[in-house]
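Each chain, written out:
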Amino acid sequence: MNIAVCVKQIPDPAVPGELDSETKTLKREGKLILDDSDAYGVEMALQLADKAGGGDVTLVSMVPNDEVSGLRTALAMGAAKAVLVSDPALAGSDSLGTAKVIAKAVERVGDIDLVLTATESTDGYTGTIPGQVAELLGWPSLTFAKHVEVGDGKVSIQRQTEAGFDEVEASLPAVVSVTAGVVEPRYPSFKGIMAAKNKPVDQVKADDLGLGADQVGWAGARQQIVSVAAAPEREAGEKIEDEGDAHERIVAFLEQLKVV
Amino acid sequence: MPVGKVWVYAEAEEGLVTSVTTELLTKAREVGETVEAVASVADADALAPQVGEFGAATLYSVDPGDALSGVVGGAALVQLVEEHQPDLVLFAQSYDGRDALSRVSARLDRPVLTNGASVDVDGDTVKVGTAIFGGNTIVEATFDGPKPYLAAIRPKSFAAEPSGGGAAEVVKVEGVDTGRAGEAKVLERHVEEREGPKLEDAEVVVSGGRGLGGAEHYEPLVEELAKLLKGASGASRAIVDAGWVPYAKQVGQTGKTVKPKVYIAIGISGATQHMVGMKGSDNIIAINKDGEAPIFGIADLGVVGDAHKVVPKLIDALKAKS
Chain P
1 MNIAVCVKQI PDPAVPGELD SETKTLKREG KLILDDSDAY GVEMALQLAD KAGGGDVTLV
61 SMVPNDEVSG LRTALAMGAA KAVLVSDPAL AGSDSLGTAK VIAKAVERVG DIDLVLTATE
121 STDGYTGTIP GQVAELLGWP SLTFAKHVEV GDGKVSIQRQ TEAGFDEVEA SLPAVVSVTA
181 GVVEPRYPSF KGIMAAKNKP VDQVKADDLG LGADQVGWAG ARQQIVSVAA APEREAGEKI
241 EDEGDAHERI VAFLEQLKVV
Chain S
261 MPVGKVWVYA EAEEGLVTSV TTELLTKARE VGETVEAVAS VADADALAPQ VGEFGAATLY
321 SVDPGDALSG VVGGAALVQL VEEHQPDLVL FAQSYDGRDA LSRVSARLDR PVLTNGASVD
381 VDGDTVKVGT AIFGGNTIVE ATFDGPKPYL AAIRPKSFAA EPSGGGAAEV VKVEGVDTGR
441 AGEAKVLERH VEEREGPKLE DAEVVVSGGR GLGGAEHYEP LVEELAKLLK GASGASRAIV
501 DAGWVPYAKQ VGQTGKTVKP KVYIAIGISG ATQHMVGMKG SDNIIAINKD GEAPIFGIAD
561 LGVVGDAHKV VPKLIDALKA KS
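For the record, the sequence lines run as chains P and S.
Each residue of the first sequence is one higher than the one before, starting from 1 at the first, in our numbering.
Each residue of the second sequence is one higher than the one before, starting from 261 at the first, in our numbering.
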């Protein structure tokens with residue numbers, strides 16, 4: 001079974017983000033790392049391929065400046081190869097533009113049974129890419145999975161709902177988005193890290209995917225950022241050290257608010 | 261000046277309209293001349309008075325059967341757009357809302373603005389505001405290109421106010437073409453028992469973070485306190501990622517936005533990821549060992565202390581009172 005996993009390389013979320021003063025989009029020039037959210041998809045893909053008795057796990061990533069450091073992390077975990085789409089023509093792409101790139105990249109890999117994604121990226125978090133990619137490929141999308149199984153040409157998931165979960169099934173090929181925390185991503189071994197350096201990374205441009213300038217990048221996004229402003233600040237109130245009686249202060253506060 | 265026709269992608273849970281749907285209908289009345297709803301539900305007649313009460317004149321409805329509701333709803337909406345030409349369609353940033361929105365966007369080749377916290381209209385210009393960087397910065401964006409404009413709005417962005425309208429006229433949508441997307445079938449629904457209110461509707465929310473020290477402490481500290489205060493329990497991303505609690509409990513940028521009367525953060529340091537989801541709460545109480553934790557910068561009452569000592573005593577004190 002061949003699986004494509006969408007991985008995003010993002011600025012370290014622990015470092016405060018910044019907007020480009022001219023384009024008003026998130027600055028993504030520096031070192032990028034594998035989005036934590038995507039580690040679950042990579043781990044899930046490796047486990048599913050293993051259970052199915054073989055097949056390739058291929059990473060699909062779109063990124064500025066040919067950055068590969070985050071991709072190497074996922075390759076070190078055990079993915080076989082990657083398609084890396086990097087092209088100045090893609091700067092400014094919105095979620096639909098990104099989905100077009102990913103769908104074309106999946107078609108370029110070819111012979112894919114399952115596409116795995118996170119539910120949303122940590123930095124952009126639109127949460128629409130899984131469904132957009134599925135629609136562009138003409139495949140079913142099974143979203144917000146907390147458990148995934150594959151067999152007999154079908155994929156079945158437990159889909160997170162507000163009330164609990166639904167068991168959802170579809171025939172392959174299909175797109176599945178997985179929620180965080182559903183599997184424990186493995187740490188790359190030293191051997192894995194060394195092997196990752198030599199794994200094939202297919203570096204492609206928008207042209208190679210047959211995407212024109214009107215479909216992706218700034219023009220394709222068809223939206224304008226018109227203002228960036230500071231939100232109203234929230235003031236800190238009282239801060240106390242617990243000396244064994246802090247709970248009394250909390251009770252008094254709750255009483256004052258008439259919650260108890 | 262309002263836009264002409266605003267649609268709201270309406271959702272229901274167990275026959276009841278979701279609160280975010282009523283929030284979107286209220287906003288739609290403010291910015292649009294005509295307000296209509298589109299839904300993918302089994303019982304449209306039950307939903308019609310509920311969306312009518314918040315101003316929807318018409319309810320276009322498709323029965324998803326055993327297929328995924330959002331997928332069928334999205335395909336129905338695509339079919340309806342050509343005939344009825346809405347100017348703006350508002351979706352909830354929910355599970356099914358995102359399923360529907362993403363399908364509509366790709367099928368109609370229209371961009372989306374998501375995670376909206378505000379919607380403003382001036383003539384033909386529709387502006388959607390989104391909070392970024394932990395809610396410190398508001399970015400506003402407008403749509404270019406052909407209509408309909410598509411936006412997803414986070415729950416709790418607007419107050420819901422009934423219009424006093426009667427039941428919406430139900431228009432059933434038949435023969436919807438979902439293509440292979442319709443092959444995804446719901447085999448079984450599992451409803452997990454929930455005591456107390458929903459996370460997004462609760463007056464009191466108690467959330468736990470990594471400072472709890474382990475998954476086993478979530479129930480006796482966080483859930484127990486939430487239960488005593490008739491509230492709902494939530495979580496930081498860190499403990500969802502660690503697999504301690506399911507994603508549905510996550511409060512924050514990639515989780516839910518809550519605005520309760522009281523938010524109690526236990527062992528949560530206050531990463532920007534978390535703060536964006538709760539800083540709109542009326543009152544915030546934080547309990548954390550690290551006195552330098554950013555959560556104290558927005559807490560009305562901050563307690564620097566060990567959650568394992570403070571919370572059990574708090575629970576005992578509340579039990580003694582009741």
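What the hints contain is simulated information worked out from the structure, not anything from laboratory work.
Positions of the beta carbon are idealized from the N, C-alpha and C atoms, including for glycine.
One should not assume that every hint holds.
Label-pair restraints from in silico Cβ distances [as the list claims (entries may be wrong)]:
| # | chain 1 | residue 1 | chain 2 | residue 2 | range |
| --- | --- | --- | --- | --- | --- |
| 1 | P | K258 | S | E290 | 50 to 56 Å |
| 2 | S | T385 | P | A14 | 32 to 38 Å |
| 3 | S | E343 | P | E235 | 48 to 54 Å |
| 4 | S | A306 | P | E235 | 26 to 32 Å |
Restricting the straight-line Cα-Cα distance to at most 30 Å, the calculated cross-link-like pairs of lysine-lysine (DSSO-like) are [as the list claims (entries may be wrong)]:
| # | chain 1 | residue 1 | chain 2 | residue 2 |
| --- | --- | --- | --- | --- |
| 5 | S | K407 | P | K24 |
| 6 | S | K387 | P | K258 |
| 7 | S | K549 | P | K239 |
| 8 | S | K519 | S | K387 |
| 9 | S | K387 | S | K407 |
| 10 | P | K31 | P | K81 |
| 11 | P | K258 | S | K487 |
| 12 | S | K458 | P | K258 |
| 13 | S | K519 | S | K581 |
| 14 | S | K490 | P | K146 |
| 15 | P | K239 | S | K265 |
| 16 | S | K573 | P | K24 |
| 17 | P | K51 | S | K445 |
| 18 | P | K51 | P | K146 |
| 19 | P | K51 | P | K239 |
| 20 | S | K445 | S | K487 |
| 21 | S | K573 | S | K549 |
| 22 | P | K81 | P | K258 |
Hint-by-hint comparison with the structure:
no., hint, in the structure
1, K258(P) / E290(S): 50 to 56 Å, "violated (31 Å)"
2, T385(S) / A14(P): 32 to 38 Å, "holds (37 Å)"
3, E343(S) / E235(P): 48 to 54 Å, "holds (52 Å)"
4, A306(S) / E235(P): 26 to 32 Å, "violated (45 Å)"
5, K407(S) / K24(P), "holds (24 Å)"
6, K387(S) / K258(P), "violated (38 Å)"
7, K549(S) / K239(P), "holds (12 Å)"
8, K519(S) / K387(S), "holds (23 Å)"
9, K387(S) / K407(S), "holds (14 Å)"
10, K31(P) / K81(P), "holds (21 Å)"
11, K258(P) / K487(S), "holds (16 Å)"
12, K458(S) / K258(P), "holds (20 Å)"
13, K519(S) / K581(S), "holds (26 Å)"
14, K490(S) / K146(P), "holds (28 Å)"
15, K239(P) / K265(S), "violated (50 Å)"
16, K573(S) / K24(P), "violated (48 Å)"
17, K51(P) / K445(S), "holds (23 Å)"
18, K51(P) / K146(P), "holds (17 Å)"
19, K51(P) / K239(P), "violated (53 Å)"
20, K445(S) / K487(S), "violated (35 Å)"
21, K573(S) / K549(S), "holds (16 Å)"
22, K81(P) / K258(P), "violated (59 Å)"
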